[in-house]
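*Asks:* Chains A and B, in that order, are what the protein sequence lines are. Mapped onto our numbering, the consecutive letters of the first sequence carry residue numbers 1 to 292. Mapped onto our numbering, the consecutive letters of the second sequence carry residue numbers 293 to 645.
Each hint should be verified, as a subset may be incorrect.
Covered stretches of chain A (in silico footprint by chain B; criterion: 3 or more residues with CB under 8 Å from a CB of chain B, positions within the stretch not fixed) [to be verified]:
#	region
1	85-94
2	100-112
3	254-266
4	272-281
What the hints contain is simulated information worked out from the structure, not anything from laboratory work. These figures come from a predicted structure and were not determined experimentally. Just so you know, even glycine gets a beta-carbon here, dropped at the ideal spot from N, CA and C.
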Amino acid sequence: MSTVVVLAVTGLGLGALYFLIASGLSLIFGLMRVLNFAHGAVLGVGAYLGWWASVHVGGPATARMLVAVAAGTVGSAVLAAVVELLLVRPLYEREVAQVLVTVGLALAIVALLSGIWGTDPKVYPVPSWMTDTSSVAGALIPHGRVVTVLVGLAVLGLFVLFLRRTRYGLVVRAGVENRAMVTALGIDVRRAFTLVFTLGGAAAGLAGALAGVYFGSVTPGLGSSLLIYAFIVVVIGGLGSVPGSALAAAVVGLVQQFTNYYAASGIGDLSVVLLLAVVLLVRPQGLLGRAL
Amino acid sequence: MRRAQLLGGVALVVVLALLPFSALTVPGVLPGAFASPGTLQLLAICLVFAALALSYDLLFGFTGLLSFGHALYFAVGVYATTIALSVWHWAPVPAVLLALGCGLVLSALAGAVSLRVRGIAFAMVTLAFAQAGSVLVVQDPLRVTGGEQGLGLNVSRLPDALVGVVNTRNVYWLALALAVVVYLVVGLTTTSAAGHVWAAIRENEQRIAVLGVRTYTFKLLAFVTGSTLATLCGVVYVLLVGGATADVTTPEFTLALLVMVVLGGSGVRWGALLGGFAYTLLDQRLGALAGSDTVAALPAVARVPLSQPLFILGVLFVLVVLFLPGGVASLVRPGGRPAGKRVRLPTRKRARA
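Just chain A, with the same shape it has in the complex (with noise of 0.2 Å):
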């Protein structure tokens, strides 16, 4: 039992990193058919930042790892804001085109950090209180895998927010139902696609310098291993959809967390992609998404 749980809290965890890189990709996608793939490389600018802001700032643990965060997120979404006003803007239209600047964008980021940084791990400030455990039902549950878990919630508690509740959030949901009708409503779309593109970057951002201190260290290439199961999750939730990110977020964080523990170690990765591909022939718009 007492694995079990362990075991749910961490999938969990990993579903709550998976979240936040996720809704920011399926925003983007939904609004602007923009499959971005620099969403990673700017997740590790993220988690780059909040390291050397961390590394500049003195006092207690717990305070360096709040100073992380927050650098990481204000710089990954600043980087975004940039990404899409120089480089996705002038392809208005030419989705394939969009995609291959942020491909580009990757590969160049990626490389950037390993350069500036060496390709060893960083360690991430964890304060002690992050590490220490509680006993749930009989299972050691470190801080940590709860903390993440609650920050996806929060995140999604204000996206859920921000969609349903604003004038702005009205304007994505519209452009992600019908963007042509948006537009000859005499609404300017791109605004909007500023903004979503800076919230994802936020939400990535914060996802790389929690992934710093939920892994206890960052590397140039965690955006890219985290980005191929974020898509996987944007996938299975449907293209557009928050919840149906979250949603699935947790599925596919739960599943790779049992099968690798009680079947064999890369298992439980096959599954997931076994889970992608059964829920796109069954139900290709995915769990909550709208019919493409």
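Fit chain B to the known structure of chain A by using the hints.
*Replies:* Frame of chain A; chain B shown alone:
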């Protein structure tokens, strides 16, 4: 015009075939004289990747299928050959046939499943299959692939002509032959009746489906052809580098192929070849540039980016997508298909002119 192209192509192949006899050096670009084994090895790798890029272009540029799983079929060639030769101690010919058979069957099965969905969903399913292959190779549950360590090639069963530094030029000729074969196969298939359907699918799949053509069958045909050619490239690659490593299974490797094709110019045979060749050469040789004294003397702001070949290639790629959408090929032939933009069919264009 066609005749001039043909003569130019033949002349190029002849020049490339004679390079192992040349003592010429190209300082800065090549590590030594053309006849030196190091240079021949480098050029052979460039030729294999050029052929691989062209096999990917059959899907991406000629049929309009955006696959993120092409690395899988290359890796099948690499690993099936290595395992058959080194683990099972097969003779070379059955090993190569086994690899090609595996590539053919696997691409037919995976293609049959993934082509049931279109566009981005198709890209994602192919990515998922490739990722599954990558996980299988790296985690190695069957204890045959050697995991992250890779697997060395046991050369004892290979003909002597393909083994050893002295015989690098034979392997180089093999790579050149591969590039020519892939070029001819892609040329023959894309100008055949099926090839015209592929082009039509790329331009407007719905329209060709309305005309009563079963597009699924034709897309599967393109997928299997391109993938099996990739397996063939994998077989030659293994003979060239003497072993299999997990790098060739990663999705990043497929992205590199996409970059090669777009840099050179998608939908143009020599464009894809040139892209693959140039990308590989730059990737291998920019590292040498990074280690040079000129770069080491630069201030950190310029030195750090210049020391990363992939940074330079990534930036170059972004610039090409932004300012030269048809790739290098569009410089020579303005009618080259710009990446990501639908263009009119040649026949319609002629009708308007």
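*Asks:* Compare the structure with each hint and give your call.
*Replies:* Results for each hint:
Counting residues of the region 85-94 of chain A whose C-beta lies closer than 8 Å to any C-beta of chain B gives 4; at least three are required, and the coverage claim holds. With 12 residues carrying a beta carbon less than 8 Å from a beta carbon of chain B, the region 100-112 of chain A meets the three-residue requirement, and the given coverage holds. Coverage of the region 254-266 of chain A by chain B holds. Counting CB-CB distances below 8 Å, 3 residues qualify, and the rule asks for three or more. Counting residues of the region 272-281 of chain A whose CB lies closer than 8 Å to any CB of chain B gives 6, so the stated coverage by that chain holds, three being the minimum.
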